[in-house]
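Those protein sequence lines, which keep their order, are chains A and B.
For the first sequence, counting from 1, position 200 maps to 200 in my numbering; every step adds exactly one.
When you read off a place in the second sequence, starting at 1, and then add 255, the result is the number in my numbering.
Hints listed in this document are in silico derivations from the structure and should not be mistaken for laboratory results.
Certain hints may be false.
Said to hold, decoys possible - Heads up, incomplete: computed chain A residues facing chain B, CB under 8 Å, no partners named:
id	residue
1	M90
2	F94
3	T98
4	F105
5	H110
C-beta atoms are modelled at their ideal positions from N, C-alpha and C, and glycine is treated no differently.
Each chain, letter by letter, is given below.
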Amino acid sequence: MPLPIVEFRDVAKRFGHLVVLEGVTLSIQRGESIVIIGASGSGKSVMLKHIVGLLKPESGQVWFDGTRIDTLPERQLMLIRQRCGFLFQMGALFDSLTVGENIAFPLVEHTRKNPDEIRQVVAHRLAMVGLPGVEYKMPAELSGGQKKRVALARAIALDPEVILYDEPTTGLDPVRADVINELIIKLQRELHTTSIVVTHDMASAFKIADRIVMLHAGKLIIDGSPQQIKDSTNPIVHHFVVGEADEKELSVLKG
Amino acid sequence: MPVRLIEQVGRQTTNALASLGDFAQFAGRTFVSMGPSWFRWKNVRLILPQMYDVGTMSVPVVSVVGAFIGMVLAVEGYTQFKALGQEARMGSVINVSVIKQIGPVLAAVMLAGRVGGALTAELGTMNVTEQLDAMRVMGADPIRVLVIPRFLACILLTPLLTIYSDFLGVLGGWLISVKSLGIPNDPYWHYSALGVDNWQIFEGITKSIFFGAAIGLIGCYKGFTSGAGASGVGKACTESFVTSFMAIIILNFFFAQVSKDWYIAIYGVTSMFGS
Numbered sequence: 001m002p003l004p005i006v007e008f009r010d011v012a013k014r015f016g017h018l019v020v021l022e023g024v025t026l027s028i029q030r031g032e033s034i035v036i037i038g039a040s041g042s043g044k045s046v047m048l049k050h051i052v053g054l055l056k057p058e059s060g061q062v063w064f065d066g067t068r069i070d071t072l073p074e075r076q077l078m079l080i081r082q083r084c085g086f087l088f089q090m091g092a093l094f095d096s097l098t099v100g101e102n103i104a105f106p107l108v109e110h111t112r113k114n115p116d117e118i119r120q121v122v123a124h125r126l127a128m129v130g131l132p133g134v135e136y137k138m139p140a141e142l143s144g145g146q147k148k149r150v151a152l153a154r155a156i157a158l159d160p161e162v163i164l165y166d167e168p169t170t171g172l173d174p175v176r177a178d179v180i181n182e183l184i185i186k187l188q189r190e191l192h193t194t195s196i197v198v199t200h201d202m203a204s205a206f207k208i209a210d211r212i213v214m215l216h217a218g219k220l221i222i223d224g225s226p227q228q229i230k231d232s233t234n235p236i237v238h239h240f241v242v243g244e245a246d247e248k249e250l251s252v253l254k255g
Numbered sequence: 256m257p258v259r260l261i262e263q264v265g266r267q268t269t270n271a272l273a274s275l276g277d278f279a280q281f282a283g284r285t286f287v288s289m290g291p292s293w294f295r296w297k298n299v300r301l302i303l304p305q306m307y308d309v310g311t312m313s314v315p316v317v318s319v320v321g322a323f324i325g326m327v328l329a330v331e332g333y334t335q336f337k338a339l340g341q342e343a344r345m346g347s348v349i350n351v352s353v354i355k356q357i358g359p360v361l362a363a364v365m366l367a368g369r370v371g372g373a374l375t376a377e378l379g380t381m382n383v384t385e386q387l388d389a390m391r392v393m394g395a396d397p398i399r400v401l402v403i404p405r406f407l408a409c410i411l412l413t414p415l416l417t418i419y420s421d422f423l424g425v426l427g428g429w430l431i432s433v434k435s436l437g438i439p440n441d442p443y444w445h446y447s448a449l450g451v452d453n454w455q456i457f458e459g460i461t462k463s464i465f466f467g468a469a470i471g472l473i474g475c476y477k478g479f480t481s482g483a484g485a486s487g488v489g490k491a492c493t494e495s496f497v498t499s500f501m502a503i504i505i506l507n508f509f510f511a512q513v514s515k516d517w518y519i520a521i522y523g524v525t526s527m528f529g530s
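Produce the entire structure from the sequences given, and follow the hints as far as they go.
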């Protein structure tokens, strides 16, 4: 078995009295396209933030390509982070910079490329996400879907080994959501990256994933191929996959 | 009831101490990150836009404050000095007040409102929209990229704006005293020169550097630690101004005390009205 690129070993995380992750153990292999599903507030984004060291677990360990990262100091974490691209839910573009400056930001920070080379990389990345020629626009001039695509162009600026997607299709209409799905598949194919996607959009999950895991009440309750998830008899998984509230959830509506 | 009150006081004290500790850590990280390796073009270029925001954009407000301080002091002081037949000596009181105390303090208070509030609003919005996290995951330290340029711009430009504000304060005081109230020009400047020496000019400028540091650090810290949503950023902006204002007033007291002790130790007690 090759060394996993990302590994959670019995990870627990709480915010105050709220337990968000409890005994989470998960290995992600290089080149995999894994989707983490779960209800809103189930801790999916918290898991992603552990992979880049934005959050530290209360107990357990987080490993990245053979290096334990939950105990690493900030300076060394920065080296790990340069190997990851992160697409935030709302894009998190720097709104005081143009689109081009946003995508150039990691290149200026971490490479010795001259301005012409940087301009070429920016143009290439924008072409990859299907938005050529928007370098001089401000983020406020873009639609929601365009912002996500620009944010994705920025996330892949440094040719990352792992791309983390936090709710990439949330807030988009079905057509724009499908564009993002196709883009994730295209990048996976062209850049040979590992994709870790957090979503509760099942259409997106089934389209992107080689493997799906589900987080419920801080624990991973299923880990399998998209077909295994579809066929699951676990009532929590089944209700989630078909988008159906159970009796307990509906009871709050009954006076 | 008393137990609950004690509990509440205890909790608030603990929170205040924890915040102070967090702020000290934030300030410490800023100073540590500001070593010689920071001063490369990649980082230094980030100061210029901040200098424009902090300095150029503050000129109108600082001008108005400076000029009117001098004018108000002249108007208020004239009746009393005239009653004593000492109106020619007004220049020393107006100019010492402007250069040493009111000028630097009011300029700093205006900057705490205009610059400190803007820093907190900008960084607070970046915090709640995950832009600070985005910077971290791209392997860039937000302290290096965002805090240090703003902090240095505040330190460099608060003294310059204070000098400018002082200049307009002196001008405003002279305008009202000499041109409007008819105090003779030469005695006005003679007594002004007796009252204001290099020490006082130095004290006014030196403390404005510390005021600038407080405004920059507090503004950035409050932005970095703002709560979620528009209300969180709004609350952080209010806290930023109130905390900066208190820091300026407290720093000013310590400066007055230390400066007076050193002055007496070096020069002895001197009268600003001459012998």
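Status of the hints after comparison with the structure:
| no. | hint | in the structure |
| --- | --- | --- |
| 1 | M90 | holds, 6 Å |
| 2 | F94 | holds, 6 Å |
| 3 | T98 | violated, 13 Å |
| 4 | F105 | holds, 6 Å |
| 5 | H110 | holds, 6 Å |
Hint 3 alone, counting from the list given before, is not met by this structure.
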